[in-house]
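K.L.:
With these hints in hand, go ahead and build the complete structure from the sequences.
So the sequence lines, in the order shown, correspond to chains A and B.
So the first sequence is numbered by our numbering: it starts at 1 and just counts up by one.
So the second sequence is numbered by our numbering: it starts at 1 and just counts up by one.
Worth flagging that the hints you see were computed from the coordinates, not collected in a lab.
Every clue listed holds true.
Restricting the straight-line Cα-Cα distance to at most 30 Å, the calculated cross-link-like pairs of lysine-lysine (DSBU-like) are:
#1 K40/A with K40/B
#2 K471/B with K418/B
#3 K142/B with K418/A
#4 K16/B with K418/B
#5 K418/A with K446/A
#6 K142/B with K446/A
#7 K446/A with K40/B
#8 K446/B with K471/B
#9 K368/B with K16/B
#10 K368/B with K22/B
#11 K446/B with K22/B
#12 K40/A with K446/B
#13 K22/B with K418/B
#14 K142/B with K84/B
#15 K40/A with K368/B
#16 K471/A with K418/A
#17 K142/A with K418/B
#18 K142/A with K446/B
#19 K471/A with K16/A
#20 K368/A with K40/B
#21 K368/A with K16/A
Number of protein chains: 2
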Amino acid sequence: MQQLHRASRFNRRAIKVEQATKLVLESVAPGQQEMVPLWKAGGRRLAESLCATSDWPPFARSGMDGYAVRSEDTLQASPDSPVKLRVLNPVTAGGIAAGGVELGSAIRIMTGGVVPCGADAVVMLEQTTDVLLDGLAAVQVKQAALPGQHIAQPGEEFRLGSLLAQSGTLIRPGHAALLGTFGYARVPVFTKPRIAVIATGSELIPVTAQLGAGLIRDSNSGMVAAMIEQSGGIPLQLGCKVDQVEAIVAALVEALDQADIVITTGGVSVGDHDVMAAVMRSIRNHDHDQSEIEASAKPKTVGDHSTVSLPSENLHSSVKEMADPFQSNYEHSTKVLQASLDPSTRLLFDKVAMRPGSPTSAALVNGKLLVALSGNPGACFVGLELFVRPVLLRLQGVSMEEAMPRTVTAILDADWDKGSPHERFVRTRLYTADSILHADPLAFNKSSMLASIPDADGLIRIPAGPRGAAKGEIVEVLLL
Amino acid sequence: MQQLHRASRFNRRAIKVEQATKLVLESVAPGQQEMVPLWKAGGRRLAESLCATSDWPPFARSGMDGYAVRSEDTLQASPDSPVKLRVLNPVTAGGIAAGGVELGSAIRIMTGGVVPCGADAVVMLEQTTDVLLDGLAAVQVKQAALPGQHIAQPGEEFRLGSLLAQSGTLIRPGHAALLGTFGYARVPVFTKPRIAVIATGSELIPVTAQLGAGLIRDSNSGMVAAMIEQSGGIPLQLGCKVDQVEAIVAALVEALDQADIVITTGGVSVGDHDVMAAVMRSIRNHDHDQSEIEASAKPKTVGDHSTVSLPSENLHSSVKEMADPFQSNYEHSTKVLQASLDPSTRLLFDKVAMRPGSPTSAALVNGKLLVALSGNPGACFVGLELFVRPVLLRLQGVSMEEAMPRTVTAILDADWDKGSPHERFVRTRLYTADSILHADPLAFNKSSMLASIPDADGLIRIPAGPRGAAKGEIVEVLLL
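P.N.:
Set out below in structure tokens:
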């Protein structure tokens, strides 16, 4: 009986990482759009597919500075027997020759200029010499020009209406050139999603505060906010909350009101004061009938830690003191929370088959996604990359498939001899040597450790199993 | 004689790409610094090296939820013969046990909690069972705890004063966690450099304008501006200017006044109307004595295009008409420009041994860097990556070495059978298969072509030579 409960503490069943990522992705949809100046659109995502507004090039363009010629006139040209072509200088209107290239003649042309009618090739200036022919300006050509030489034909790169970039595309500097060419001075992009960030933990103090005994600074909120900014979202930082369900529920209600999605850190594990675990349990129970809620909300076996770890009457009274305030808060606050939940509310998962961060949880609450990340910085970071960044991309119009974390394969540079019942994500540096990609796991890789987070280029995915992975093996790496 | 001039048109001698990049890097220095909130500092560069303000962890922290124990008390524990430890519940102040773990006892502890004195190990909650011992609360442990188990020792990750991140570091989300942990709520970063952008070309119209015969939209300004934004700078877009030295000189004077560095596009080649080439020649001549200026500013041989391509009196009068307004502008405007140049002004280079973009030029003008990029979008893009991005990084405190373009090696996926007297940069997609990095050159790779610019992950460096590079070869690729 205890073993059974131990295996299903809080009835939390681990789901696969891909499944968890898909569940969060399916619970959001691309947001609104807005118009922004093209050159300010870098890093945003296109909200519509954009097409060519003309052929490109729009006219036959010279690729070189030189002379526009008729290739047939140069057929016999050679260094020993150069061909002389009379230089015409027709009337020009707006830089365009009104006349064309006639038999035995040439017209001076600049790079990017309109190739005059009659001409079918351009000879580079450097390959010509100016001469006189019957006392008039002429040019000497020493080599046969090939038809089409140094001319970009109209529509060679794009036909009117052809796709330039599809909805969801990340706008890069090259898009400014491409879209600008076709007159897109302003472009439709998805609005920046608004993401509420709440840190939980009675041991937390703001980054600005002085350390005291047993206290640590809330470093997760800043990391989450920075990642949201980096991924094109707007973080709404709601600060750090003590481990009281009441405080958390109030913060969640505010957050759900203001934001498109809500991220919390901490309190997801099996500890007595793990408030987000309690909130998730409350959400899970929302769909159940009331008797089930009562049954599951109370401890099943005295002292069995694999069920709800609330102390029973016959435990030492001081232990009871420690947990009781939480219990009474819990009962009151979960009623408040449950009363405000609409019928669509449901738990997505409360355990993921991964290390670190297995207690990472997610729910759909009143139509909005709530992701509860682990409070350990390493686990929080992994959860961010696996479940939050993809959601941010999806909210900005990226397809489900492309929103999934990008992966590469690499050679593992060092043994990772730590097995795990769940697959493990190991922070790593990436580099190439002789075209081979290598993953060099970073030191300080424990869930609680910070040092390797800023330096990581990727997360090595070590498959579940007793043996880990050996140096020289090909491993999958999520790119950061 | 003609061959000699042909080889040294405008006396432009090509220098190696690395040398050119070093020259521009040496002509700038890291800028001012400012304080910004940590979570808003993502993508900026640290302006000072920051160190740990305490040991980390600051106290012995539990890595697990469970019981703090003395490992020696558990030495004999086994599943068949579990050890019972009395659960103490000492007075707590701010969540910290005021008492310690005594012989044969344990204290409940949460993840991240302070390990009470006396304890040297933490046993996971899941590996314990609550029991009674003489009618009082106790916990049963079935396995010997190892000394130090699940405890992060003070200073394990960082010692007070140890380096967290050095000046010039790109701030990533992980830095928000790391620096926030040590109380850096605001961090010193380099100010965003201000970069003026001027497009030259009489054929250019703003992106907002309708196409007309022979006209194209200025797509380069937007691309340059977007790249500056992407690299942490502030672009000052001064618009597109016609090919008149006077107009360009006026724009340059304004730009040098407002910006940290100035970027122009177009007009760098050998064409009659290539104004930036004329400006660079004027700058080059600035240091020469006046007789040298006169000599080099005038055409040497009638009709020899490999010298200065200004028409002489005995060429056809209509050819003269085309070039003369430029010539008179040139003489006047270069005097204006030269009069405003301080003694430090000097040409850095006016030709680079590369394709595309060999006429790319740079000068130090009144102490500020002027980079003149090619107007062809493909060449402009390559010039941006090779000479502008490194400078932007350097202005933001990145070391000379790290500001150089990052390269990897990859297997070339397709023959590139086009030889070149200069090394060539080919836009490519990058991907890995079985841990091997592949470079798959993109179609539409000509200098004048746009289509492959947004899609490029890198630039393959094809060595100079007649043969190009073959499928399957290892090539060097600059990362974009």
